[in-house]
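Top to bottom, those sequences are chains L and Y. Per the working numbering, the first sequence runs over residues 1 to 307. Per the working numbering, the second sequence runs over residues 1 to 426.
No lab work stands behind these hints, which were simulated from the structure alone. There's no promise every hint is true.
Said to hold, decoys possible - Pairs of lysine to any residue, SDA-like flavour, derived with a Cα cap of 20 Å: (1) Y:K406 / Y:T320; (2) Y:K386 / Y:H321; (3) Y:K406 / Y:I421; (4) L:K45 / L:Q59; (5) Y:K36 / Y:D71; (6) L:K67 / L:T46; (7) Y:K184 / L:E229; (8) Y:K184 / Y:N95; (9) Y:K174 / Y:E138; (10) Y:K148 / Y:G368; (11) Y:K148 / Y:Y108; (12) Y:K184 / L:G231; (13) L:K179 / Y:F424; (14) L:K157 / L:D102; (15) L:K100 / L:V73; (16) L:K5 / L:K78; (17) L:K5 / Y:T320; (18) L:K214 / L:T265; (19) Y:K184 / L:K67; (20) L:K78 / Y:H321; (21) Y:K406 / L:V73; (22) Y:K184 / L:K5; (23) Y:K343 / Y:R17; (24) L:K157 / L:K45; (25) Y:K371 / Y:G130; (26) Y:K184 / Y:G130; (27) L:K78 / Y:P375; (28) Y:K44 / Y:P375; (29) Y:K184 / Y:Y324; (30) L:K78 / Y:K184; (31) L:K214 / L:N181; (32) L:K5 / Y:K386; (33) Y:K406 / Y:E316.
Claimed, not checked - Just the calculated beta-carbon pair ranges, DEER-fashion: (34) Y:E103 / L:I74: 34 to 42 Å; (35) Y:K343 / L:R43: 22 to 30 Å; (36) L:A98 / Y:N144: 39 to 47 Å; (37) L:G231 / Y:N159: 37 to 45 Å.
Stated by the list, open to error - Stretch-level coverage of chain Y by chain L, calculated; a stretch enters the list once three of its residues show a Cβ under 8 Å from a Cβ in chain L: (38) 101–112; (39) 317–328.
All C-beta atoms, glycine included, are put in the ideal place defined by N, C-alpha and C.
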Amino acid sequence: MSHRKDLIGIEDLTAKEIIHYLDIADRFASVLERPIPIVPTLRGKTILTLFFEASTRTQISFSVAAKRLSADVINFSKTSSSVAKGETIIDTARNIEAMKIDGVVVRHSAPGAAKYLAENIDAFVINGGDGSHEHPTQALLDIFTMRQHFKDIAGLKVLIVGDILHSRVARSNIFGLKKLNAQVTICAPPTLIPIGIESLGVNVHYNLDEIIDKYDVVMALRIQLERQEAGLFPSIREYRNLYGLTRERVKRMKTGGIIMHPGPTNRGVEIDPDVADGDRSVILTQVKNGVALRMAVLFVHAGGKIE
Amino acid sequence: MSDILIKGGRISDQRSRAEKEFDVLIINRKIAEISKKIRKKGVKTIDAGGCIIAPGFIDLHCHLRDPGRPDEETIESGSRAAVAGGFTTLCCMPNTEPAIDNEGIVNYIYREANRVDICRVFPIGAITKGRQGKEITEFGELVNAGVKGFSDDGDVVDNANVFRHALEYSKIFKIPIMEHPLDKALTAGGLMNEGLVSGRLGLHGSPAVAEEITVSRDIRLAHFTGARLHLCHISTRGAVEIIRKAKSEGLSITCETCPHYFFFNDEVLASFDTNFKVNPPIRTEDDRLAVIEGLRDGTIDCIATDHAPHSQAEKELEFTHAPYGMTGLETALSLIIMELINKQKFTWSMIIEKLNINPAKIINEKSGYLKIGDPANITVIDPEIKWKATPDKIYSRSINTPLINKELQGKCRATMVNGIIKHFDE
């Protein structure tokens with residue numbers, strides 16, 4: 001397997017590389033079931049989580065994953081933009097380089113920020129989300145969860161509902177699922193769908209009620225209030241009425257179908273509380289799998305070998 | 001006074017549009033003779049074997065950042081970049097700090113251009129005071145001081161009524177209104193062309209229709225007022241088609257495009273290189289081909305550089321925060337040669353139309369094919385030479401171009417402004 005220094009986006013990966021991450025994550029998932037869920041694999045390595053955008057679960061998930069691998073972890077969050085601080089991302093990169101960090105997990109509001117950092121430092125870079133571009137580890141953990149549940153991704157019918165236009169989670173999932181030959185449909189108001197998204201091989205629908213009964217996986221995305229303020233849809237109430245995963249809608253899903261959400265959820269907006277906590281929901285399984293998957297990613301990029 | 005003999009180059013003949021081998025003799029700063037195998041002793045001789053001898057290029061659209069940002073460019077550095085790229089005349093856009101909206105700034109630019117004495121620099125005046133889009137500037141005073149056109153470039157004149165009045169008022173002076181035709185609301189926050197690629201990359205899109213709507217509005221207003229309209233940096237198929245139709249109806253409009261719109265398509269944005277962040281954005285392959293067709297059939301009159309220097313510190317910011325623009329004075333010729341001459345089989349006479357004949361007409365300047373008796377504004381082009389645009393070879397104070405450190409073909413060997421050699425590549 002060719003070794004790439006960084007993980008920037010799922011678009012760059014081959015199906016084989018995706019499967020490789022998933023297979024390693026399987027092994028780490030069993031490590032996490034042990035009484036002492038820790039391995040010495042990355043002892044002596046230093047991982048920096050560098051979050052320029054607010055996040056709780058992704059940063060904690062990476063941090064837990066690194067600790068389970070016995071790496072030293074430094075968490076850093078800075079929500080103010082670098083412009084305001086007068087410090088460019090390139091300065092940050094040079095500082096990281098000077099401190100001899102082995103790997104960096106970076107989140108930033110600007111698309112391309114992770115790639116830019118990766119091109120300017122020797123340490124490996126894992127993209128923890130760059131604007132609305134990609135969030136590769138989220139997609140990998142989502143696909144991992146689907147594979148765990150359905151055994152096979154090929155032919156799986158997946159529906160992604162919500163703000164596709166601004167969603168890095170949707171983009172990464174679309175790239176990954178298509179590479180593994182799943183059937184992907186997106187459903188949202190046309191104002192939240194990128195022009196020409198069909199070229200990625202996805203089906204586009206605007207009416208959730210007409211199609212909700214057809215999918216193995218229904219993934220809801222977080223809807224942000226600022227999109228309503230920007231005039232992309234008229235009100236939260238109307239959004240919920242047309243695109244919310246309500247109890248009534250979910251009842252019509254096909255037998256065995258599951259509900260996913262990358263979090264954090266807006267309960268009562270894109271997903272009703274009893275749906276988020278209900279039988280079909282695998283939302284907490286996603287969170288749990290996130291640790292194993294991120295262990296796999298850190299392991300692969302820190303140059304770990306499987307005996 | 002040193003006289004010059006340019007030997008063994010090819011000249012585009014005005015009548016036949018073919019290139020023929022000629023020597024050119026310059027005496028007392030004027031073209032004294034154009035014929036085969038001129039023999040003359042005691043003059044400086046430039047060996048132009050394999051080269052094209054063309055009238056000096058006129059750039060209708062560049063940003064010299066002077067006054068305001070001497071760290072990015074000055075009239076002096078921009079002029080040096082110009083002659084290195086084969087340009088003998090620059091029109092500099094008024095989005096300086098302060099804006100070129102009064103006689104004092106126009107006088108400053110002429111004074112500075114005379115002091116550095118490298119090439120001709122013509123200021124373009126702001127359409128509205130402070131480029132705020134509200135009240136038109138004192139066109140009379142500005143024309144008197146020497147502006148060659150009016151533009152709020154960088155911003156569209158959003159208010160159609162203000163734009164209408166600017167067009168009407170410009171008729172007193174018979175000089176063009178040069179519009180930056182991009183609808184303000186539709187382009188807000190746009191980082192690249194909106195389309196398949198922006199959808200993939202998650203970069204906020206600026207749609208082609210934003211250009212087409214404003215081009216349509218402006219053409220209707222030009223028709224309504226009977227004024228002279230020049231549309232800047234045309235980049236979409238739709239805009240080319242709208243302009244083609246308007247011209248076929250006999251409207252007196254002109255337009256320009258820039259090398260990056262016929263050389264690149266939006267796939268290059270996948271690099272997230274902020275040097276590709278320009279406004280209007282680099283469009284799709286289909287748009288690129290339409291721009292080339294527009295150049296070929298005369299819909300697009302000129303090639304301008306939209307040379308937009310920016311500091312490295314600003315271009316090193318995240319894609320979202322980096323400013324729009326790339327430099328172009330020193331690379332335009334290479335892109336023209338690599339794409340239009342080599343791949344699209346344009347003739348040199350077509351290129352001279354786009355870089356000299358048509359721009360000269362638009363700004364009411366006398367120019368044209370090399371003629372005996374004219375002041376020697378000449379550029380000698382080596383269309384074959386390979387070179388690498390390394391920072392040490394660049395005269396501009398800024399290097400914000402995706403072509404930096406790239407292998408290019410074709411370069412200006414010598415540039416003469418008013419009979420004086422201002423650039424010479426050994």
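Okay, the hints, checked on the actual structure:
no.: 1; hint: Y:K406 / Y:T320; result: 25 Å, violated
no.: 2; hint: Y:K386 / Y:H321; result: 34 Å, violated
no.: 3; hint: Y:K406 / Y:I421; result: 27 Å, violated
no.: 4; hint: L:K45 / L:Q59; result: 18 Å, holds
no.: 5; hint: Y:K36 / Y:D71; result: 47 Å, violated
no.: 6; hint: L:K67 / L:T46; result: 10 Å, holds
no.: 7; hint: Y:K184 / L:E229; result: 19 Å, holds
no.: 8; hint: Y:K184 / Y:N95; result: 17 Å, holds
no.: 9; hint: Y:K174 / Y:E138; result: 15 Å, holds
no.: 10; hint: Y:K148 / Y:G368; result: 18 Å, holds
no.: 11; hint: Y:K148 / Y:Y108; result: 15 Å, holds
no.: 12; hint: Y:K184 / L:G231; result: 16 Å, holds
no.: 13; hint: L:K179 / Y:F424; result: 55 Å, violated
no.: 14; hint: L:K157 / L:D102; result: 39 Å, violated
no.: 15; hint: L:K100 / L:V73; result: 13 Å, holds
no.: 16; hint: L:K5 / L:K78; result: 25 Å, violated
no.: 17; hint: L:K5 / Y:T320; result: 25 Å, violated
no.: 18; hint: L:K214 / L:T265; result: 23 Å, violated
no.: 19; hint: Y:K184 / L:K67; result: 49 Å, violated
no.: 20; hint: L:K78 / Y:H321; result: 17 Å, holds
no.: 21; hint: Y:K406 / L:V73; result: 40 Å, violated
no.: 22; hint: Y:K184 / L:K5; result: 41 Å, violated
no.: 23; hint: Y:K343 / Y:R17; result: 19 Å, holds
no.: 24; hint: L:K157 / L:K45; result: 40 Å, violated
no.: 25; hint: Y:K371 / Y:G130; result: 41 Å, violated
no.: 26; hint: Y:K184 / Y:G130; result: 17 Å, holds
no.: 27; hint: L:K78 / Y:P375; result: 61 Å, violated
no.: 28; hint: Y:K44 / Y:P375; result: 17 Å, holds
no.: 29; hint: Y:K184 / Y:Y324; result: 15 Å, holds
no.: 30; hint: L:K78 / Y:K184; result: 32 Å, violated
no.: 31; hint: L:K214 / L:N181; result: 17 Å, holds
no.: 32; hint: L:K5 / Y:K386; result: 34 Å, violated
no.: 33; hint: Y:K406 / Y:E316; result: 19 Å, holds
no.: 34; hint: Y:E103 / L:I74: 34 to 42 Å; result: 59 Å, violated
no.: 35; hint: Y:K343 / L:R43: 22 to 30 Å; result: 56 Å, violated
no.: 36; hint: L:A98 / Y:N144: 39 to 47 Å; result: 58 Å, violated
no.: 37; hint: L:G231 / Y:N159: 37 to 45 Å; result: 21 Å, violated
no.: 38; hint: 101–112; result: violated (count 0)
no.: 39; hint: 317–328; result: holds (count 5)
Violated hints, listed in ascending order, are 1, 2, 3, 5, 13, 14, 16, 17, 18, 19, 21, 22, 24, 25, 27, 30, 32, 34, 35, 36, 37 and 38; each of the other numbered hints is respected by the structure.
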